[in-house]
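Colleague: Protein chains in written order, with the numbering used here: chain A, 125 to 355; chain L, 6 to 188; chain W, 2 to 601.
Hints may contain errors.
BS3-like, lysine-lysine: derived pairs with alpha carbons at most 27 Å apart [claimed, not checked]:
(1) A:Lys297 to W:Lys154
(2) W:Lys144 to L:Lys107
(3) W:Lys46 to A:Lys297
(4) A:Lys209 to L:Lys150
(5) W:Lys537 to A:Lys178
(6) W:Lys18 to A:Lys167
(7) L:Lys76 to W:Lys571
(8) A:Lys167 to W:Lys543
(9) W:Lys18 to L:Lys107
(10) L:Lys107 to A:Lys209
Read the hints as simulated data drawn from the structure, not as lab findings.
As the structure is a computational prediction, the values presented were derived from the model and not from experiment.
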Amino acid sequence: MADIINFTIDGKECMAEKGIFILQAAKENDIYIPSLCNYEGVKPQGSCRICSIKTNGQFVTACTTPVADGMEIENNTDEINDMRKSIIELLFVEGNHFCPACEMSGDCELQALAYRFQMMVPRFIYQFPLREIDARHPKILKDQNRCIRCKRCIRTIKDEKGRSVFAFYGRGKNIEVNVDPVLGSKLTDKLAAKAIEVCPVGSILPREKGFRTPIGQRKFDHEPIGSEYKH
Amino acid sequence: MSKPVIATATLAGCFGCHMSLLDIDEKILDLIELVEFNKSPIDDIKNFTKKCDIGLIEGGCCNSENVHVLKDFRNNCKILISFGECAIMGGLPAFRNPIPIKECLEEAYLNGPSVKGHNESGILPNDDEIPMMLDKVYPCHEIVKIDYFLPGCPPSAELIWNALTALISGKEMNLPYEVIKFD
Amino acid sequence: MENDTVYSAISKYNQDKTRLMDILIEIQDNENYISDDAVRIISEKLELSIVDVEQTISFYHFLSKKSLGKYTIYLNNSVISNMNGRQIVAETFENEVGCKFGKVTEDGTIGLFDTACIGMSDQEPAALINGNVFIHLTPFRVKEIVRDIRAGKDVKNMHTSYLGGGQNKSEYLKSVVRNNIMRMGPVLSDDYNPGTIIKKKLVQLAPEQVIEEIKTSNIRGRGGAGFPTGFKWEFCRKAKGDKKYILCNADEGEPGTFKDRVILTERPKLLFEGMVIAGYSIGATEGILYLRYEYKYLKNYLENILEETRGKNLLGKDIGGIKGFNFDIRIQLGAGAYVCGEESALIESVEGKRGEPRDRPPFPVEKGYNDCPTVVNNVETLCSVVKIMLNGGEWYSSLGTHESTGTKVLSISGDCRYPGIYEVEWGLTISDILDMVGATGVQAIQVGGPSGSLIGPEEFERKLCYSDLVTGGSFIIFNYNRDLLKNVVLNFTDFFIEESCGSCVPCRAMTPLLKQKLEKILSGNGVANDLEDILKWGKLMKTNRCGLGHTAANPILTSLKNFRYLYEEKLERGKEYETGFNLEQAVSESCEATTRVPNF
């Protein structure tokens with residue numbers, strides 16, 4: 125039997141299997157830690173930093189840090205929630221997120237987090253960068269304006285030889301996620317669907333389809349993201 | 006006691022937010038009872054005739070005229086509210102923001118499919134009567150101080166109603182989850 | 002022609018994916034760009050996708066898909082370079098060459114580009130031309146260089162001054178770079194015969210005993226992070242793995258640092274012996290020296306020394322007669338990325354990938370290069386190790402202070418009489434150092450480079466040590482004639498914006514926003530709230546993954562802490578709120594486009 129260890133989140137006593145990541149351990153104790161770049165079943169990357177929690181006075185990402193015996197975790201505090209809200213706001217101003225005109229509005233995880241954290245307006249200046257839409261591929265559209273560079277597609281979508289269909293291009297504030305010109309055009313229906321599914325925002329979209337779910341029936345129309353957890 | 010005075014304006018917007026303001030059904034009668042309107046497209050008062058308590062701004066600023074109106078509102082309203090996505094983040098008019106204004110003007114008046122070949126003189130509108138275009142569409146709070154923000158495209162009638170009544174009564178605003186949306 | 006280069010580079014590195022960096026560098030150096038065709042061929046031969054190859058190319062400053070010119074000129078744009086007259090040098094380059102920085106001449110002959118600190122802060126302004134270093138540039142010299150280029154002269158034969166001192170003038174180096182060793186201590190001193198430790202000590206000691214000796218010395222990593230070296234080795238020795246690696250970090254990228262360049266030039270045998278000792282201790286059979294691209298001019302020279310060392314049986318099989326102790330070293334070139342100085346990013350880079358730092362745990366000592374246990378040590382650390390083995394851990398721990406033992410090699414530059422490198426014991430005060438280098442009228446010092454702190458005179462009695470002011474060696478001095486915010490802080494902030502890998506949101510998105518705040522204040526539109534915003538927003542940087550991310554806002558944050566009056570002087574008095582919006586400016590573009598005179 126696996127080792128079971130004890131730890132606390134915001135003072136609440138928790139138990140989990142030794143070595144699993146904090147994010148998972150929290151879920152198993154019915155505690156919600158907001159996350160964005162993390163995707164179940166895919167190796168975590170720790171790039172959005174929204175799931176950062178505090179332990180020993182240090183910020184660490186819950187999606188990549190294994191839980192340890194006796195760990196005392198701060199999660200739902202004013203400081204951490206404001207940090208998370210700041211990161212969400214950063215994502216809104218660094219790209220071009222026009223929710224009213226986005227096919228994913230209502231189903232978008234970034235927008236849902238903004239709702240959950242009651243973002244009325246970002247505290248930062250909008251950057252309005254020049255970004256492109258890559259419409260060369262028969263099955264998908266890649267809209268760079270809405271990309272939050274979470275690497276979910278990069279980590280998930282590989283061809284049969286293990287080659288990347290999506291990859292980063294450039295670095296720093298100009299970093300983009302590019303679609304391979306050859307593999308992108310040969311994408312199977314299954315992989316294309318998967319790519320659309322893993323994208324948390326409206327950056328990877330199916331062609332010739334959109335706005336199919338009426339307002340009121342979308343994922344986050346009535347309940348905040350993370351509502352499935354008690355705490 | 007005199008009624009609180011409200012002023013409203015549409016800058017670079019589509020009037021949708023004003024429509025939403027009017028979309029409060031029979032409560033509009035209550036609103037008339039509660040407040041007095043000053044400068045606003047609703048009553049067609051063109052200039053401020055007195056200092057106002059609350060200013061509601063729809064739309065961002067895309068030209069010099071918008072900036073003058075916005076500054077006029079800031080000077081004449083105790084509380085200024087950005088309502089709707091355009092006022093808050095530029096909205097759809099801000100689609101042009103990443104592109105230099107010169108290119109936008111040339112596309113609109115020289116090269117666009119509907120104008121190509123029809124503007125032989127190649128002149129871009131430049132009459133002194135026309136407001137000057139800004140380099141991009143600015144969210145209102147990037148020009149003057151804005152006190153409150155009501156998101157939505159448009160903000161739901163419920164959100165506007167809740168916000169206005171809370172402000173007038175001095176009570177805390179009631180913001181259920183379903184009321185705040187960006188679309 | 003071009004495809005031949007591509008095919009030969011690929012076969013030279015056995016179609017090995019993990020050698021992608023080498024393949025790309027080889028093509029870049031021969032063709033001055035990496036074409037679409039080259040990318041396609043590489044992707045086919047290495048079984049990678051095109052975007053896989055391009056993600057690596059686009060990460061590194063010195064790799065390009067566009068032609069950079071037959072002669073590619075990279076002029077350093079660091080703070081020190083600017084202080085030493087970079088502007089007139091840059092203008093002269095533009096005038097003589099006939100194109101702007103960031104561009105290539107129409108005939109494709111010359112490309113002019115900016116580059117961050119190239120490790121020549123004691124001899125700026127300096128430039129790299131096709132990998133060769135040119136120092137002490139002046140308008141006169143620039144004209145001469147451009148004339149030589151136009152005449153088709155070989156870059157190697159363009160020098161007009163005598164060659165630099167020490168090994169710089171050796172046959173394999175022939176470089177004009179100066180060493181400027183101003184003060185030698187036990188690590189830099191040349192009273193050592195290469196191979197002594199291997200032949201006299203390692204033969205008698207078990208690896209664990211060597212590690213014990215290092216632990217006794219209490220030496221900590223000299224790259225800046227300061228992790229105790231003995232413990233690092235011990236963790237790696239104990240980690241499970243058939244193959245282990247020792248990586249030497251010679252990616253000296255912190256602006257203002259240049260000590261490793263001097264060590265690599267003057268004491269390479271000491272360094273290689275240090276790597277052998279480390280390899281012996283942790284049980285590694287392979288060592289890799291990660292050399293920053295800016296120091297590519299040292300590569301042949303170092304490879305020649307490696308060959309010589311092999312000839313003496315100090316590398317290779319049964320080293321020094323120790324049966325079964327096999328260890329060799331290869332050199333891996335970087336391609337221009339500051340973040341690769343971070344150990345896990347360095348490992349990614351050695352594997353041929355983008356230099357993105359990894360999540361920890363696992364730590365490199367458990368899972369590093371090729372997922373094997375790996376120790377990454379700084380050049381200076383590995384050199385110190387040899388002297389520790391020579392004179393004993395006890396001796397070493399008697400130097401410096403109780404908790405910061407030994408010596409530190411400092412790279413000192415800026416406003417002082419004798420810039421250069423100084424080996425000093427830990428524990429010196431800042432005032433001592435200023436006296437040592439002949440610096441007076443000092444307004445501020447950047448200790449530890451841009452990622453460290455900007456400190457003022459009230460802190461000059463602080464000590465250099467791990468419990469007070471810690472440094473990887475960069476020490477830049479500014480006198481009262483320098484505009485700290487405009488010419489120092491802004492430059493350093495740009496550096497971090499340029500060098501962020503882009504993975505973490507706060508690092509890539511917040512740093513540019515903080516820079517905008519600083520610019521707003523510099524333009525006279527700042528209000529008190531802006532300073533509070535900077536402090537509040539800056540805290541977010543602590544959520545980033547790596548050291549670069551943690552410190553990217555330090556130029557702004559530490560200057561605001563220690564030089565708040567410089568910020569306050571520039572604020573709009575009595576104003577509570579100011580967006581900084583300027584109508585005249587905002588309409589100027591459209592008025593110009595429509596040929597209209599703005600009226601307000």
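Colleague: Next, verify each hint and record whether it holds.
Modeller: Hint check results:
no.: 1; hint: A:Lys297 to W:Lys154; result: violated (39 Å)
no.: 2; hint: W:Lys144 to L:Lys107; result: violated (38 Å)
no.: 3; hint: W:Lys46 to A:Lys297; result: violated (32 Å)
no.: 4; hint: A:Lys209 to L:Lys150; result: holds (21 Å)
no.: 5; hint: W:Lys537 to A:Lys178; result: holds (17 Å)
no.: 6; hint: W:Lys18 to A:Lys167; result: holds (21 Å)
no.: 7; hint: L:Lys76 to W:Lys571; result: holds (25 Å)
no.: 8; hint: A:Lys167 to W:Lys543; result: holds (23 Å)
no.: 9; hint: W:Lys18 to L:Lys107; result: violated (46 Å)
no.: 10; hint: L:Lys107 to A:Lys209; result: violated (36 Å)
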